[in-house]
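J.: Letter by letter, the chains look like this.
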Amino acid sequence: MSARSFVLMFVLVALLPVTGLHQAKAQFLHPKIQSKETTIRRVVVLPAKVNVVRDSMKGPEGMAAESDELSSRVEAMVTEVLSKKKNVATLPAAGASADEQQKYNVADFQTKFDTLLPNIMKKRSDVKKGRFTMGDEVLNLNLEKGTDAVVFIRGEGKKLSGGKTAFTLLVGGTPAYLRLQIGIVDARNGEVLLYTDPIFPGDPTTAVDRLRKALEKGFKKLPEVKAQ
Amino acid sequence: MFPRKLTNFIVAALCLCIVFASVCPVAHAQKKTAPVEATPPPLKEDFKFGEVDLEVLEQVDLLDVRFERDGLVLADEAVNAYLRRIGKSLVPRGLELEKVQWRFRALRDPQPNAFALPNGSIYVTTGLMSLIDNESQLAAILAHELTHVMRRHTYLHNRSNRKKFLTMNVMQAVGAYAPLSVVGAVITVVTTVAPFIMMATIYGYSRDLEREADIKGIDMMISAEYPPEEMVNVMKLLDKDIEGENIRLFYNDHPSLDERIKYLSSYLGSRADTVTPQMELNRERALYFRNMESVMRHNVQLAVNSRRTRSAVYFAQRLVDFRADSENLFWLAESYRALGPRTPLLTEKELTNSAMKDAAKKREKRTFEEEERDLLATPAGKDNWQKHQQLAEETYQLALKADNPVPVAHRGLGMLYEKLERRTDAVAEYEKYLELSPAATDRERIQRRIEALKEKLK
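Protein chains in written order, with my numbering: chain Z, 1 to 228; chain X, 1 to 458.
Just chain Z, with the same shape it has in the complex (with noise of 0.2 angstroms):
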């Protein structure tokens, strides 16, 4: 093998994974979307959960500040692109003077989307059939009067220590990203009306412009909503 054709190899076996995350991204929704009989003009945006870690040599460490941080940005940005891109408004949810009761509701509804969410992993497309609910407790949330939809945010990412990026370009690997879960869920009926996980490569704690441009891609299908 010549020297060229080596290098040429080695750039592709090394890219090959960062083109397949590029491609990994799917979002369904719900016959009654699909069919505009539910439109969501008005959403909640819950607080996100978003996980990355930092990989290096020496395993994986934990990045609590900067997936607090991240988390934060991805809320923010999926509310941009909802509202610039869909001219869906995002209304307050329950803020930090919430009592006690209200802090509960919204976990235990937090964590009742996470015990969803294996189950619309293992098969994506079936929301596209109405097949999820998470029940009309979603009314216990008591938001604002018009809320048509809630959303969910889960992500985990992977950051590269400097190390880790040279031997994942040398011997292979997953390289840095960031994966997100996005389910918005009927406010009044507990209806999961559209699952999207776009997914991109890079740095997840810097990459501003990829993280908005998965985000774009993610929502492409949501019918957009007419201006008043």
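Read the hints as simulated data drawn from the structure, not as lab findings. One or more hints might be untrue.
To be verified - Partial chain Z-side listing against chain X, Cβ under 8 angstroms, derived:
| no. | residue |
| --- | --- |
| 1 | G62 |
| 2 | A65 |
| 3 | V106 |
| 4 | T111 |
| 5 | K112 |
| 6 | F113 |
| 7 | L116 |
| 8 | P118 |
| 9 | L139 |
| 10 | V208 |
Unchecked claim - DSBU-like mimics (lysine-lysine), calculated; alpha carbons at most 30 angstroms apart, straight line:
| no. | chain 1 | residue 1 | chain 2 | residue 2 |
| --- | --- | --- | --- | --- |
| 11 | Z | K36 | X | K458 |
| 12 | X | K454 | Z | K112 |
| 13 | Z | K158 | X | K365 |
| 14 | Z | K122 | X | K454 |
| 15 | Z | K145 | X | K454 |
| 16 | Z | K217 | Z | K128 |
| 17 | X | K458 | Z | K112 |
| 18 | Z | K32 | X | K458 |
| 19 | Z | K123 | X | K357 |
| 20 | X | K419 | Z | K122 |
| 21 | Z | K129 | X | K419 |
| 22 | Z | K123 | X | K349 |
| 23 | Z | K128 | X | K349 |
| 24 | X | K419 | Z | K32 |
| 25 | Z | K122 | X | K349 |
Where a beta carbon is used, it is the ideal one built from N, C-alpha and C, also for glycine.
Put chain X on the given structure of chain Z with help from the hints.
T.: Leaving out everything else, chain X in the frame of chain Z:
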């Protein structure tokens, strides 16, 4: 040719050296850990903080904040104070540990569990607090977790893991560039097997630390004058697998419960001077239930919400056995309603490792409602459903006949009747509930149900 072969041979030899050098000290260390001599405070006095440890500390401090912010910590000051009192009684007097601030908190989680963060935060789930019988058992759990902090287990485990991960990565790099020859094949085999050995040592070390926490925990209980045999009883309670979740995996970070019961009993045999009389334990149990009643009720609600319906029935029945007041009866009725077509106890066959693995896979495939629908299609499921709905109705009625009846029992009856398609009765019960609880947080939900039912009744 000769120099190339020699290089390959050296690489292969180095691979073997790296594997055995990183495994052997651990294997040796495994034999040295978990000493059983009774030494009072189980401290790790020679521990010096390094940069890596400080990073871990920073992470766990943020974890504390996150638990609080996300509504996972039970905001019940009386319960947290109770935990604090027991925890502090176990910590040797005057003990000051660098970068440790003791905090004892209840975590809103129906799964029985407890864990310690290296900064001194100890969390016990509501599920575990509801499972145990008395304060001494709670002390056993806290003593185990305190040992993890005092012996700096998290830091040591992290340091050990980092070395092993580095070894695994180096091995992987060597394996990726193995030459195509016999020596290359040897290198490939060695570097393929090495990660499995490394993983085994990571989990092995974790099990050793757990063993040490169990043994040292007993010593701490004795020092604080808690009956040490309750540590064994906690393990026996944990062995009661109500939901069929104790799946044995290929790698396990804790010793099996059977093994823990065995080594703790044998250690205790040489340490326990007296066994606490049953009468005293019963008295302690009643006191514990009085202190924990609110936590246990909260836990039944969490169990129902998270579809741990068998646990919900088990815990609610314990509450009713302790005191059959309106609220406890309401929770038992709610649990039976949620149990629906399921059996209240898993059979021996369902508790085998393979059956539990299958059930876990099925849980991923089917939602709770789909599982219920499938069970209702079977005669046994139908029988269970009828039995449990009847039990639920009777218990709701009992809750409403008791002193100071809780209005939520009307809501429960409403939901039961709605499912049984007794729509008029359901509307009446819902309306009664809203009349008695005008400021209920679920008012909108119930009102919508009433409207939907009335629509169907037209």
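J.: Would you mind marking each hint as holding or not holding in the structure?
T.: Verification of the supplied hints:
| no. | hint | verdict |
| --- | --- | --- |
| 1 | G62 | holds (4 angstroms) |
| 2 | A65 | holds (6 angstroms) |
| 3 | V106 | holds (6 angstroms) |
| 4 | T111 | holds (7 angstroms) |
| 5 | K112 | holds (7 angstroms) |
| 6 | F113 | violated (12 angstroms) |
| 7 | L116 | holds (7 angstroms) |
| 8 | P118 | holds (5 angstroms) |
| 9 | L139 | holds (4 angstroms) |
| 10 | V208 | violated (22 angstroms) |
| 11 | Z:K36 with X:K458 | holds (28 angstroms) |
| 12 | X:K454 with Z:K112 | holds (29 angstroms) |
| 13 | Z:K158 with X:K365 | holds (28 angstroms) |
| 14 | Z:K122 with X:K454 | violated (37 angstroms) |
| 15 | Z:K145 with X:K454 | holds (22 angstroms) |
| 16 | Z:K217 with Z:K128 | holds (18 angstroms) |
| 17 | X:K458 with Z:K112 | violated (34 angstroms) |
| 18 | Z:K32 with X:K458 | holds (26 angstroms) |
| 19 | Z:K123 with X:K357 | holds (19 angstroms) |
| 20 | X:K419 with Z:K122 | holds (29 angstroms) |
| 21 | Z:K129 with X:K419 | holds (24 angstroms) |
| 22 | Z:K123 with X:K349 | holds (29 angstroms) |
| 23 | Z:K128 with X:K349 | violated (37 angstroms) |
| 24 | X:K419 with Z:K32 | holds (25 angstroms) |
| 25 | Z:K122 with X:K349 | holds (26 angstroms) |
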